[in-house]
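> Protein chains in written order, with this note's numbering: chain C, 1 to 411; chain P, 1001 to 1216; chain R, 2001 to 2161.
Worth double-checking, as some hints may not be accurate.
[What the hints assert, rightly or not] Derived pair list, reagent style DSBU-like, types lysine-lysine, alpha-carbon separation capped at 35 Å:
(1) C:53 to C:331
(2) C:385 to R:2150
(3) C:211 to C:331
(4) C:384 to P:1190
(5) R:2084 to C:384
(6) C:53 to C:316
(7) P:1044 to C:53
(8) R:2150 to C:53
(9) C:384 to P:1044
(10) C:385 to C:190
(11) C:211 to C:190
(12) C:310 to C:331
(13) C:384 to C:190
(14) P:1044 to C:316
(15) C:310 to C:296
(16) C:190 to C:53
(17) C:310 to P:1151
(18) C:331 to P:1190
(19) P:1151 to R:2150
(20) R:2150 to R:2084
(21) C:316 to C:385
(22) C:316 to C:331
(23) C:296 to C:316
(24) C:53 to C:385
(25) C:211 to C:316
(26) P:1190 to C:385
(27) P:1190 to P:1044
(28) P:1044 to C:331
If you are wondering where the hints come from, they were derived from the structure by calculation, not from laboratory data.
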Amino acid sequence: MTVTNAPDATGGYAVDVIERGEGHMVLSMGPQHPSTHGVLQVITEIEGEIVTKASPEIGYLHTGIEKSAENLFWSQASTVIERMDYLSPLTNALCYYLAVEKLLGIDDQIPPRANQIRVLLSELSRIASHCVWLGTGGIDLGALTGFFYCFDLRERILDLFEMSGGARMHPNYIRVGGLGQDLPEGFLAKLDGVIDMYEPRMRDVRRLLQKNPILQDRMIDVGIISADEAVAWSLTGPTLRATGIQYDVRRAFPYSGYDQYEFDVITRTEGDAYARFLVRLDEMDEAMRIIRQVRKQLDTPGAWQIPDTKFAPPPKETIALSMEALIHHFKLVSESFRVPPGDIYQAVEGPRGELGYYVVSNGDNRPWRVRTRPPSLYNLQVLKKIAIGELIADMVVMIGSLDPVFGEVDR
Amino acid sequence: MPSSQAPPAGATAVDPTAVRPDIADARILRVTPAALRAALEDLKRDGFSMLLDVGGVDYLEREPRYDIAYHLLRLPTQAASAGQIGQPERVRVLCGVPGDATTVPTVVDLWPSADWAEREIFDLYGITFEGHPDLRRIQMPDDWEGHPLRKDYPLRGVARERTPRPSFALKSNVAAGTPASGRTAAGLQKQIAEVRARADGHAAPNPLQAKDGKQP
Amino acid sequence: MALGNSGADFLLTTVDSVARWAQASSVWPLTMGLACCAIEMMTATAPEYDIARLGSEVFRASPRQADLMIVSGRVARKMAPIVKRLYDQMADPKWVISMGACASSGGVFDNYAIVQGVDTIIPVDVYVPGCPPTPDGLLYAVNLIQQQIKRGGRGGILARA
């Protein structure tokens, strides 16, 4: 009995049922599938309903982002890098720019307000990303109402991104040295609206899903990962914290002023899909806790970008008045700044886990290499291990609980 | 517009890892492929239980040509009561791989998570990992030729590189031998003034004869 | 219809227009979500934009049951044969919306990995610009498909492509 993933007669790569005998079957789940959360192909071998082997095949969304980034200016590369983890784009941009700022040596000059807004947007992205996870995870199990509730909350957050950065997804609002512009008028009022809306909405969602006996039946004791396995398989994020290990990059290697905010690192010990579900729900609450603390700080105005115009563009009003501002603006747009040679690994806590960038500069105005440490790739890889012995119907639950984003897995 | 065809904007370093600034992001170790496994086993025994990532870099003009970066993490130690969490630590092991001998031992037996990461380096750089159970392409289709992330692989792929775009940026579309058009800046100013005057409803004063004072 | 009998002509064109009205009012898309545009496509089914009020009540996972393929996201070279196979598996009449810059032309990614426009492999009826387009854009595209169906071309009682 052989399983191959070579192209078939029509040039397709999907492997359909190719051999059946004695209740043993090979099934190709994907790459087009309503519940694989993207373009994933899992070649599953099943005995009756029990999975004996699962090999996920990825690469169906390989975009060459890292190669594209090597051919764009430092400030342009963030546009393609944002499109990796497309559920929380600002997190990617933040991590990349933190790395670049460290190589430039300006990481200690970022003004406090810029850091506060960066933290605010990161936590809003976390909530928005978990809303998608929760909604689509519910749909996989048949719970459609939760999807509508979660996406409505997400809409209000996307409104905030559109106000500040100009686009709902991929706003490219975080730039070198700070932000693209200050928060517009009316942003804080809208943010207050989101903060007020959050608690009653999440109460409703929890009432719908958390104690739902069908959801509990489908998620408890499915896809159990032990703490040692989690470390061996390089899991990070809620998948790791649901096994009991308390590792959160915001606590371990604080960035952008996260050490001044109070928040708990949520952990559970069961390690099953339900534990991961609860960890993410509680993480949304912790994110809102951080947002409330940041909101108080945002009332004081301040600088939102470093004053050094060799890296960050000067304010538009000064370009017509100051020759130096005009020259700096021209230089930045036509040939960008140059980053001194060196390599650095910078990580942030994304919604899926430790998102890291290993950025190498050779002194040019373009990155030499941007290697992503994709949390979803490692989180998804453990599917090979945990699917064995589970029912075929649990595959969907397990993939959902690992929360992969294929823009990040395939890049 | 930057592109792989454009030369670097100024003086560049051949080996950025040798001249990096003093940033304390991780402890850095450099090893040869022969010493790689020993170094990683030592670190794992020392408590660096998590392999965060295995990534490749192509330094085209450097000898050895490639670097494989292993990012390891020592997790904060668990304690019975919260508040006694130990300090986490990062290590980066850089393994230089020469361009003509691209084989490196695998670490899949030490950390199973290295499986896909090593397959990706094989796919995109062409570096083989001895002892890997299933070394085949992961991102590119199985019948793809070439290793895309190498610096000598064109950005737009081999097939499309024969038709570079945008062609209008690279050449002039004025055929050789075309005589000068005879337009001057002054003539253009005059034309603008005429058009504006026509829009205002009276004859334009000729800016070149502004001091004339005569009404046409 | 060369029947010579104006009564029969009237009957058939009326039936045809009724069939077209039915098809336009229930365009069921295929779940062809690839990347970021897929999230905006999902948002178009969410309450704020609600594609169901245009007739796209359900998104079918099986191409046999879908009328409309919304190619939402960047089409990688590895995925291209699968997109083509799914298009071939859809039953006539079928329509295609190319959603977003990547599906329409390759978008930001002019490189080795991305198909520069899904119309190089399947015929497209409506292109939606944006990166990603707002769900409003997608709703307008579905409106345009509905107009195309009602105006002529594919569809109706003779449902061959």
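> Kindly indicate which numbered hints from before are broken by the structure, ordering the numbers from low to high.
1, 2, 3, 4, 6, 8, 10, 13, 14, 16, 19, 21, 25, 26, 27, 28
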